[in-house]
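Once you've looked at the hints, dock chain B against the given chain A.
Letter by letter, the chains look like this.
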Amino acid sequence: MLELASTHGTVPGETGLENSPLVVRGLTVSYGQKPAVFSVDMTVQTGTMTAIIGPNGAGKSTLLKAVLGIVKPLSGQVQVFGKTLNAQRGRIAYVPQRASVDWDFPTRVIDVVLMGLYRQLGLLGRVRAQHMARATDCLDRVGMRDFANRQIGQLSGGQQQRIFLARALAQDADLYLLDEPFAGVDAATEKAIISVLKSLRAEGKTVVAVHHDLTTVAEYFDNVFLINTRKVAEGPVATAFSADTLQLTYGGRLATAQIDQLAQVPG
Amino acid sequence: MSGAEFVPLSLTPLLIGIFAAVACALPGNFLVLRRQALIGDAISHVVLPGIVVAFLATGVIAAGPMMLGAGGAAVVAVILIEAIRRLGRIEPGAAMGVVFTSMFAVGVLLLEQSDTSSVHLDVEHALFGNLESLIWLDATGWASLLDPDALRGVPVELPRIAVTLVGVILFTVIFWRPLKLSTFDEGFARTLGVRTNVLGMALVIVAAISAVAAFDAVGSIIVIAMFICPPAAARLMTNRLEHQIGWSVVFAVASAVLGYVLAGYGPLWLGARDAVSAAGMIATVSGIILAITAVAGPCRTRSGAPVQD
Numbered sequence: 001m002l003e004l005a006s007t008h009g010t011v012p013g014e015t016g017l018e019n020s021p022l023v024v025r026g027l028t029v030s031y032g033q034k035p036a037v038f039s040v041d042m043t044v045q046t047g048t049m050t051a052i053i054g055p056n057g058a059g060k061s062t063l064l065k066a067v068l069g070i071v072k073p074l075s076g077q078v079q080v081f082g083k084t085l086n087a088q089r090g091r092i093a094y095v096p097q098r099a100s101v102d103w104d105f106p107t108r109v110i111d112v113v114l115m116g117l118y119r120q121l122g123l124l125g126r127v128r129a130q131h132m133a134r135a136t137d138c139l140d141r142v143g144m145r146d147f148a149n150r151q152i153g154q155l156s157g158g159q160q161q162r163i164f165l166a167r168a169l170a171q172d173a174d175l176y177l178l179d180e181p182f183a184g185v186d187a188a189t190e191k192a193i194i195s196v197l198k199s200l201r202a203e204g205k206t207v208v209a210v211h212h213d214l215t216t217v218a219e220y221f222d223n224v225f226l227i228n229t230r231k232v233a234e235g236p237v238a239t240a241f242s243a244d245t246l247q248l249t250y251g252g253r254l255a256t257a258q259i260d261q262l263a264q265v266p267g
Numbered sequence: 001m002s003g004a005e006f007v008p009l010s011l012t013p014l015l016i017g018i019f020a021a022v023a024c025a026l027p028g029n030f031l032v033l034r035r036q037a038l039i040g041d042a043i044s045h046v047v048l049p050g051i052v053v054a055f056l057a058t059g060v061i062a063a064g065p066m067m068l069g070a071g072g073a074a075v076v077a078v079i080l081i082e083a084i085r086r087l088g089r090i091e092p093g094a095a096m097g098v099v100f101t102s103m104f105a106v107g108v109l110l111l112e113q114s115d116t117s118s119v120h121l122d123v124e125h126a127l128f129g130n131l132e133s134l135i136w137l138d139a140t141g142w143a144s145l146l147d148p149d150a151l152r153g154v155p156v157e158l159p160r161i162a163v164t165l166v167g168v169i170l171f172t173v174i175f176w177r178p179l180k181l182s183t184f185d186e187g188f189a190r191t192l193g194v195r196t197n198v199l200g201m202a203l204v205i206v207a208a209i210s211a212v213a214a215f216d217a218v219g220s221i222i223v224i225a226m227f228i229c230p231p232a233a234a235r236l237m238t239n240r241l242e243h244q245i246g247w248s249v250v251f252a253v254a255s256a257v258l259g260y261v262l263a264g265y266g267p268l269w270l271g272a273r274d275a276v277s278a279a280g281m282i283a284t285v286s287g288i289i290l291a292i293t294a295v296a297g298p299c300r301t302r303s304g305a306p307v308q309d
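Chains as they are written, first to last, in the numbering used here: chain A, 1 to 267; chain B, 1 to 309.
Just chain A, same shape as in the assembly (with noise of 0.2 Å):
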């Protein structure tokens, strides 16, 4: 039922890898002389949400990145929809950590959702009626169309959060990669956010997320990757999010009750 980390190349029952939307293989990711990910696989299916839950400096954001190209790994594969990444970037979209770039930067609202149009735009390409709707609609998904106007320092945490989003969706495309997106959001943006992703899945999408919150994984997520610099597990909550797998993961760093009772919340 639970696949540990393994060092074979696929994952035991499935067929036709050369379809899912993200392959991993072997990936090894190091920014000084000790790897930040060691030697890790991951495969993701396609209309799934998936969960990739570990302590802190565990390699999460990294791994992301690595998948993104934003880092270099020092060796493995990525394979997006059967390709190498650079094929198939306009398929991917990505919000970043709120807190990784300096929201008193002179721009408004629309124009950082406007941004995630820019392979269709170009160098040159002029912003049309139809991008301003397009933009103006991903606003409304995620309840910030009164915002378009707005500085962007302006904004709360939450409101940030959302209009990273808002700009991943203007991206329109097929997986979905977020680093922590409800660190540090309201109630009511939280909620928003995962309505959204739980939309994007309807509509036939992936989504991977970075997630901290252990208590609303099982609610909000099909799959989990469990990952402490290394691969620990991969899987369905029902099975792969178990008190072994958390105390693998996390170590002595969770009490062994809270564990416990993380595991028994119901998928």
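Just so you know, the hints here were simulated from the structure itself, not pulled from any lab data.
Everything numeric in this text was worked out from a predicted model, so none of it was measured.
Just to be clear, a hint being listed does not mean it is correct.
As the list claims (entries may be wrong) - With a Cα cut of at most 25 Å, we get these calculated DMTMM-like pairs of lysine to aspartate or glutamate:
| id | chain 1 | residue 1 | chain 2 | residue 2 |
| --- | --- | --- | --- | --- |
| 1 | A | 72 | B | 91 |
| 2 | A | 72 | B | 186 |
| 3 | A | 34 | B | 242 |
| 4 | A | 83 | A | 102 |
| 5 | A | 191 | A | 146 |
For chain B alone, coordinates are given in the frame of chain A:
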């Protein structure tokens, strides 16, 4: 002032000052937002050894070799800064600090050890430039602007900085979208296929070319001031990058014109006998503009500073 006096004596230095200010202010907008503002400072320091080496190699102060030497030194410095930053894993400011002070020191040593007494090459010239001496003696009035013979006598610095400015404007317009995108969110830009390393390097090289072209005419003080003051003042006037660029051009031109006029006539109005350095006055005016916007600009609150993690 009549055209017969203004055109030969003031038109060319004024235009050179304006073009140099705008050519530095445009890339300065992005450098300031990227927290790389001091790279302009660094560039204006590191060109000195390049210029001295060019002089030692050719034996004359000629524009071509000087530009080549300065450009070469700037490129070497940029590569050194990037190398130290990446290999040493230290913050960019520290890497720049190490590189530009070292290279400036090398330039001063070279200057001292070699015999440059026969030519106009000294540290003072490197700092203040010689804006006031870039006059157009062949001109007799406004009509000279249409006279091919007179135009041949225009100081070579004017067409050089004009061409540089056109190049800077083209770079800014063509790469506007990826520049803005990667300045705001480099990681996201990379996922879209923008080669942010190459673009960041290109921005610094464009800034270096502006700095060298401007340095040649107006010295390093004005270069440092124009990279930082007009864009920083412009940021305090608006919350939109498109408007910030416009304001920075307005402030750069205003600094150049006001600074030039005040340097030439200000001391006379105050009863003093001599004019003061135009480059110094232009830099001073840009600093005053920044001070005014810092006190009274409409967009001074910083609400969205990034969280360090």
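We went through each hint and held it up to the structure:
1. A:72 - B:91: Satisfied, since the Cα-Cα distance of roughly 20 Å is no more than 25 Å.
2. A:72 - B:186: The given pair, whose Cα atoms are some 14 Å apart, holds under the 25 Å limit.
3. A:34 - B:242: Violated, at roughly 43 Å.
4. A:83 - A:102: violated, 33 Å
5. A:191 - A:146: holds, 19 Å
Hints 3, 4, counting from the list given before, are not met by this structure.
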